[in-house]
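**Q** Just so you know, the sequences run in chain order V and R. Residue 1 is where the first sequence starts when you use my numbering, and the numbers rise one by one after that. Residue 272 is where the second sequence starts when you use my numbering, and the numbers rise one by one after that.
These are calculated hints, taken from the structure and not from any lab test. Think of the CB as a built atom: it goes at the ideal place given N, C-alpha and C, for glycine as much as any other residue. Just to be clear, a hint being listed does not mean it is correct.
Which bits of chain R does chain V cover? Going by a derived footprint, with three or more residues having C-beta under 8 Å, they are [said to hold, decoys possible]: (1) 280 to 286; (2) 295 to 302; (3) 336 to 350.
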Amino acid sequence: MMRSPSSCIWLASLLVAGCAINLSESRTPRVLRGGEMQISSINSVVVPVGSVNTAIGAGKTVVRNIDQGTSPTDEDKRQLVGSAVAIGLTGPGYGNHLEFALGLGYRLDTALRIGNGIYALALRRGFDLGWWDSNIGLRVGYNTGESVVSYLDSINSYAQITETKRIDTSLSGQIGREFGEWGRVWAVAKGMYSRYWVDVETRLLGLGSEKINDHLFYYGGALGAAFGFRYVYFVMELGVYLLNCKVSTFGNSYDLSGITITPSWGFMGTF
Amino acid sequence: MFYKPIVAYLAVGLVLGSVGCAAMVRTWQFSSSDVVVVPSNAVPPEGPVEIRLSSAKVKQKTVHVELVLANRGGRPARIDAKEFSLRLPDGTTLTGAAPALDQAVKAGKYLLSVVGLGSKAEPPQIAPGGTLEIEVDFRDNRRDLRRYPTLELGVDAISINGQPCTNRHITLAAPARAPMGQDI
């Protein structure tokens, strides 16, 4: 069954939401020692609450009306496209990333994170506080707007969100401790600045195209824990972030500021 | 392709780890020229037995030590080994254990002997002029064991013909190019 263009825009925006991957930290607090390696596979979910939900609700209403055969007004179309783009940037989403981390020595470690079209490099500097470990970290991520899963690309082409580029720069402070070789707990404070460029092509809706060049900001923190033994751990983390985001597109302005909750879970191996 | 950054990242890591970046070397081979002679005043044919270090591989959290016991006497020497100790320069003492595989084999043999399918393990004996190798693993989760200039391996655990090697140790020394200090 052929989906309507409006449905495709909404669905594509939902699926390509990539910020979950960079909001999640999901790293143990002790910085890797020289030559030590860590590999992890982490799943993340973004659950926005507040005004983002309002925008999403408005988009859903328009989609429902169009699917029921109601001809959308110009205002409906603009609202639909605007909220779809907003959902793509800050809306609910799911992501999985692989992370390869390497200890450099001198209490420095680096990590490469890849998932859902995001490539991120991180550098952390650790501090030994006796039984506690802490670190400060910098991560820069580039979101190609593409997915490594090809069927998402095809949905994206239907939706005509022709290009999404985004650079996430985050600064974090983390403290935690290890319990023998079976448990780790940590707390993270984090701020993330995202610069994004989105090209929206709405030929199917007759609204033309628009380039959006703007930024958004997350700040908040997360609590995490890992349980396992020696080499392999199950990792879970719950992050709560305040989103500061205002988007203008096709003549409408959206204030998407609100709270974003990001649970993450997965497996981590340290060797 | 998405795997290219992974390959590039791992390649850079391997190059850093293998060429010149001593802080990223995962395993250092410590050495020692110490020889413990037990009993120290023994003359053939009663003894002595010499204890030397064969190999000491020091990783971040583990030390794997291989000792060679050589019987220089003219009679068989019976060897008993209990818990080895490794003393760090900061005074911490780690307790050693046989490698996990050896422990499993020993436990299996013990179980077989319990059900009557094997004989009970006897302490090993070294024939005159023969040698015996002992392997011990130490582990510490909180420290980087590669970053100590010396580690003191206590051989008190060894008894030869019932005589313990009281207050005897072998000093393991790090290679000259190994970086030192827990901040590395």
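**Q** Check the structure against each numbered hint from earlier and tell me which ones fail, lowest number first.
**A** 3
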